[in-house]
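Student: Top line first, the protein sequences correspond to chains R and X.
The numbering of the first sequence is this note's numbering, which starts it at 177 and goes up by one.
The numbering of the second sequence is this note's numbering, which starts it at 12 and goes up by one.
Any given hint could turn out to be false.
[As the list claims (entries may be wrong)] So the derived label-pair ranges between C-beta atoms look like this:
| id | chain 1 | residue 1 | chain 2 | residue 2 | range |
| --- | --- | --- | --- | --- | --- |
| 1 | R | Ala345 | X | Lys126 | 25 to 35 Å |
| 2 | X | Trp210 | R | Ala444 | 20 to 30 Å |
| 3 | R | Gly398 | X | Leu35 | 25 to 35 Å |
| 4 | R | Lys359 | X | Lys126 | 35 to 45 Å |
| 5 | X | Asp57 | R | Met351 | 28 to 38 Å |
| 6 | R | Arg411 | X | Asn95 | 36 to 46 Å |
| 7 | R | Pro397 | X | Leu135 | 37 to 47 Å |
| 8 | X | Asn95 | R | Leu232 | 39 to 49 Å |
| 9 | R | Ala340 | X | Val109 | 27 to 37 Å |
| 10 | R | Glu235 | X | Asn95 | 35 to 45 Å |
| 11 | R | Asp447 | X | Pro175 | 47 to 57 Å |
| 12 | R | Val363 | X | Ile94 | 29 to 39 Å |
| 13 | X | Leu212 | R | Asp447 | 45 to 55 Å |
| 14 | R | Ile308 | X | Asp57 | 40 to 50 Å |
[What the hints assert, rightly or not] When the alpha-carbon atoms are kept at most 27 Å apart in a straight line, the in silico BS3-like pairs for lysine-lysine are as follows:
| id | chain 1 | residue 1 | chain 2 | residue 2 |
| --- | --- | --- | --- | --- |
| 15 | R | Lys448 | R | Lys226 |
| 16 | R | Lys226 | R | Lys212 |
| 17 | R | Lys445 | X | Lys126 |
| 18 | X | Lys64 | X | Lys50 |
| 19 | X | Lys50 | R | Lys448 |
| 20 | R | Lys246 | R | Lys359 |
| 21 | X | Lys126 | R | Lys448 |
| 22 | X | Lys78 | R | Lys445 |
| 23 | X | Lys102 | X | Lys78 |
| 24 | R | Lys246 | R | Lys409 |
| 25 | X | Lys102 | X | Lys72 |
| 26 | R | Lys448 | R | Lys212 |
For the record, the hints were derived by calculation from the structure and aren't laboratory data.
Keep in mind it's a predicted model, so treat the numbers as computed, not measured.
Note that the Cβ used here is the ideal one computed from N, Cα and C, for glycine as well.
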Amino acid sequence: MNYKSSYFILTCLGFGFAFLYIPILSMVVFSFNASKLVTVWDAAHSPTLKWYYSLLNNEEILDAAWISLKVAVINASGSVILGTLAGFGLARFSQFRGRFTLNAMTTAPLVMPEVITGLSLLLLFVALEQLIGWPAGRGITTMTIGHMTFSMAYVTVIVNSRLATFDTALEEAAMDLGARPLKVFFVITLPIIFPAILSGWLLAFTLSWDDLVISSFTSGPGSSTLPMVVFSKVRLGVSPEINVLATITITVVTLMIVGVSLWMSRMAKLDKAAV
Amino acid sequence: MNTAGYMRRFGVTGRGLVVVLPYLWLLLFFVVPFVIVLKISFSDIDLAIPPYKPLLEWVGKNSLAIKLDFNNYAFLFTDRLYINAFLNSIKVAFISTVLCILIGYPMAYGIARAKPATRNLLLLLVILPFWTSLLLRVYAWIGLLKANGVINNVLIWLGVIQDPLTMLYTPFAMYIGIVYSYLPFFILPLYANLEKMDWQLLEAAEDLGCKPWQAFYKITLPLSRNGMLAGSMLVFIPAVGEFVIPALLGGPNALMIGRVLWDEFFSNRAWPVASAVAILLLILLVPFMMWYQSVQARESAGAR
C-alpha cells in the first residue's frame with residue numbers, strides 16, 4: 177500500500193488513541209494508590225489492594241450492583257427477543273403495513289436524548305398507574321421496561337444489518353424443499369444471525385448496566401442501580417473506590433470483547449473452510 | 012380451509028405476527044409517552060402527587076372542561092435562562108461535533124487504510140471504550156483535570172507552569188468530556204463507510220496528476236459524505252440533550268438544556284415545565300432525526 181500522508185495519519189491515530197486511553201489507564205493506575213487523595217501518588221504505601229477490599233465490603237455498592245445485574249440480564253434477554261423480531265421483519269419483509277413507522281420507532285431511540293426518554297416513560301408509568309393501577313409504584317419492573325425500549329433498538333440495528341449482508345438464497349432453498357417458515361427461521365436464519373444476537377445481548381446488557389438517566393427517572397425508592405450510586409458519590413468528589421470499580425469494569429469488558437471477537441473470527445474461518 | 016387460511020381472512024399473517032410484538036411495545040412505551048408529555052406540558056402545576064392538575068375536568072354534571080395552560084411555554088420564552096440554555100446546548104453540541112470530525116476523520120481514515128490484521132485491532136480499540144461505562148469514563152476526567160489532578164501535576168513537575176490551571180468545571184472540561192464520550196459514535200459509521208471505498212479511484216487520480224490532498228478533497232470526502240453525516244448526527248443529537256457530562260464536568264454555570272430539564276423535574280418538581288422543555292427540545296431535534304434516518308436509508312441502499 178502506498179499513501180504519502182501516512183505520517184500525518186499515524187500521528188492522528190497516535191494522539192486519538194492516547195486521548196481515548198489515557199483517562200482509562202489513569203483510573204487503573206490510581207486504583208492501586210494508597211492515598212485517599214486519589215490523584216496524588218503515595219509512593220511509600222503503593223501499590224496496594226486496600227481499596228479493592230473496601231469496595232468489596234461496601235454494602236451500598238454491592239446492593240446496587242445486584243439490582244443492576246438483575247435489570248441488565250432481564251433487559252438483555254427481552255431486548256434480544258423484541259429486537260430480533262423487529263430486525264428480522266425489517267430485513268426480510270420488504271413491504272408490510274407499518275414498516276415505515278417500525279423503522280422510525282427503532283431508529284429514534286438510538287439518538288433520542290435520554291432525559292426525554294426518561295421523562296416520557298416516567299409520565300407514562302404515572303398515568304398508567306392512575307388509570308389501571310399498574311405498575312404499582314416504580315422499581316425494577318419500570319426500569320427494565322425503560323431499558324428494553326432503547327436497548328431493543330440497538331439489537332434491531334445489529335440483527336437487521338447482519339441479515340442485510342446475507343442473501344435470501346439459503347432461506348428460499350429451504351422453503352422450496354418444503355420447510356415451513358417457522359422451521360426455516362429456526363434451522364437456517366437463527367444460526368446465521370446468532371453472532372448478531374449474541375453481540376446484541378451483550379450490548380443490551382452493557383447499555384442497561386451503564387444507564388444513569390433513564391434509571392433515575394423510572395426507579396423507585398430502594399431500587400438504586402450501580403450508576404445511580406456512583407453518580408451521587410462522584411458528585412461529592414473523586415473516590416478511590418470508584419477507580420477500583422472502573423478497573424474491574426474495564427477488565428471484564430476487555431476480556432469479554434476480546435473473547436467474543438476471537439470466537440467470531442474463528443467461526444468466520446470455519447464458515448469459509450466449510451464453503 | 013386450514014388454520015393459516017382462516018387467520019389470513021382476518022388479516023392475521025405470519026409477517027404480521029413477527030412484527031406485531033416489537034411494534035406494539037414501541038408504540039406503547041416510546042410513542043404514547045410523548046403524547047402524555049405533550050398533555051402534561053399544558054397542565055397547571057399542583058402541590059400534589061403527581062404534581063400537576065388534570066387537563067380534563069368534570070364541571071357540573073354533564074360537561075367536561077378542557078383547560079389548556081400555555082403558561083409553561085410562555086414562561087420558557089420569557090425567562091432568559093431557558094432560551095440561553097437552548098442556544099448554549101446547540102452551540103456546545105455543534106462545536107463538539109466539529110471537534111469529533113476533526114479528530115475522528117483522520118482516525119477512521121487511518122483505520123480503514125490499515126492492513127486487515129492491524130485494522131481489526133484498531134477497530135477493537137475504538138469499540139472498547141464505547142462498551143465501558145460512560146459515567147466512569149467521564150469520572151476519569153475529573154481526576155485528570157482537577158486542580159491537584161494528573162495533568163496539573165505533570166505540567167508543574169515538567170516546569171511548564173508554576174500554579175495549577177483551572178480546568179475542571181469550565182466549558183473546556185465539558186467539551187473534552189463530550190468529544191471524548193462521543194468520538195467512537197462518530198468513528199464507527201464513518202469507518203463502515205470508508206471501508207467500502209474503492210481506493211483505486213485515489214490511485215487513478217494521482218496517476219492523472221492530482222495531488223494527494225486534492226484527491227482527498229475531490230474523491231474521498233464526497234464519497235464518505237453519508238458516513239460523516241450519520242456519525243455527526245449520532246454526536247450532535249444526543250449531545251444537545253446531554254445531562255451527565257455537563258453535570259459532572261461543567262460546573263454550576265454550565266447551562267445545558269438537558270440539565271435544566273433534570274433540575275426542573277427533580278429539584279423543583281415542576282413536571283409541567285419539564286414536559287414543556289422536553290417538547291420544545293423534541294421539536295428542535297426531530298428534523299435532525301429525520302435527516303439521520305434518510306442518510307441511513309441512503310447508506311444501506313448503497314450497500315446493497
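Student: If a hint holds in the structure, say so; if it doesn't, say that too.
Tutor: Comparing the hints with the structure gives:
1. R:Ala345 x X:Lys126: 25 to 35 Å: holds (32 Å)
2. X:Trp210 x R:Ala444: 20 to 30 Å: Distance hint for X:Trp210, R:Ala444 holds at roughly 23 Å.
3. R:Gly398 x X:Leu35: 25 to 35 Å: holds (30 Å)
4. R:Lys359 x X:Lys126: 35 to 45 Å: holds (43 Å)
5. X:Asp57 x R:Met351: 28 to 38 Å: At 59 Å between Cβs, range violated.
6. R:Arg411 x X:Asn95: 36 to 46 Å: violated (23 Å)
7. R:Pro397 x X:Leu135: 37 to 47 Å: holds (41 Å)
8. X:Asn95 x R:Leu232: 39 to 49 Å: holds (45 Å)
9. R:Ala340 x X:Val109: 27 to 37 Å: holds (31 Å)
10. R:Glu235 x X:Asn95: 35 to 45 Å: For X:Asn95 against R:Glu235, whose Cβ atoms are near 43 Å apart, the range 35 to 45 Å holds.
11. R:Asp447 x X:Pro175: 47 to 57 Å: holds (56 Å)
12. R:Val363 x X:Ile94: 29 to 39 Å: violated (59 Å)
13. X:Leu212 x R:Asp447: 45 to 55 Å: Roughly 30 Å apart at Cβ, these two residues miss the hinted range, so it is violated.
14. R:Ile308 x X:Asp57: 40 to 50 Å: Check failed, 22 Å falls outside 40 to 50 Å.
15. R:Lys448 x R:Lys226: Measuring from Cα to Cα gives roughly 49 Å; hence the hint is violated.
16. R:Lys226 x R:Lys212: This hinted pair holds, its Cα atoms lying about 11 Å apart.
17. R:Lys445 x X:Lys126: OK: R:Lys445 and X:Lys126 at ~18 Å, within 27 Å.
18. X:Lys64 x X:Lys50: holds (11 Å)
19. X:Lys50 x R:Lys448: violated (56 Å)
20. R:Lys246 x R:Lys359: violated (32 Å)
21. X:Lys126 x R:Lys448: OK: X:Lys126 and R:Lys448 at ~20 Å, within 27 Å.
22. X:Lys78 x R:Lys445: Outside the cut-off at roughly 66 Å; violated.
23. X:Lys102 x X:Lys78: Given pair X:Lys102, X:Lys78 is violated - Cα atoms ~36 Å apart, limit 27 Å.
24. R:Lys246 x R:Lys409: Satisfied, since the Cα-Cα distance of roughly 22 Å is no more than 27 Å.
25. X:Lys102 x X:Lys72: It is violated: about 52 Å lies between the C-alpha atoms, which goes past 27 Å.
26. R:Lys448 x R:Lys212: violated (54 Å)
Of the numbered hints given earlier, the model fails hints 5, 6, 12, 13, 14, 15, 19, 20, 22, 23, 25 and 26; all others are met.
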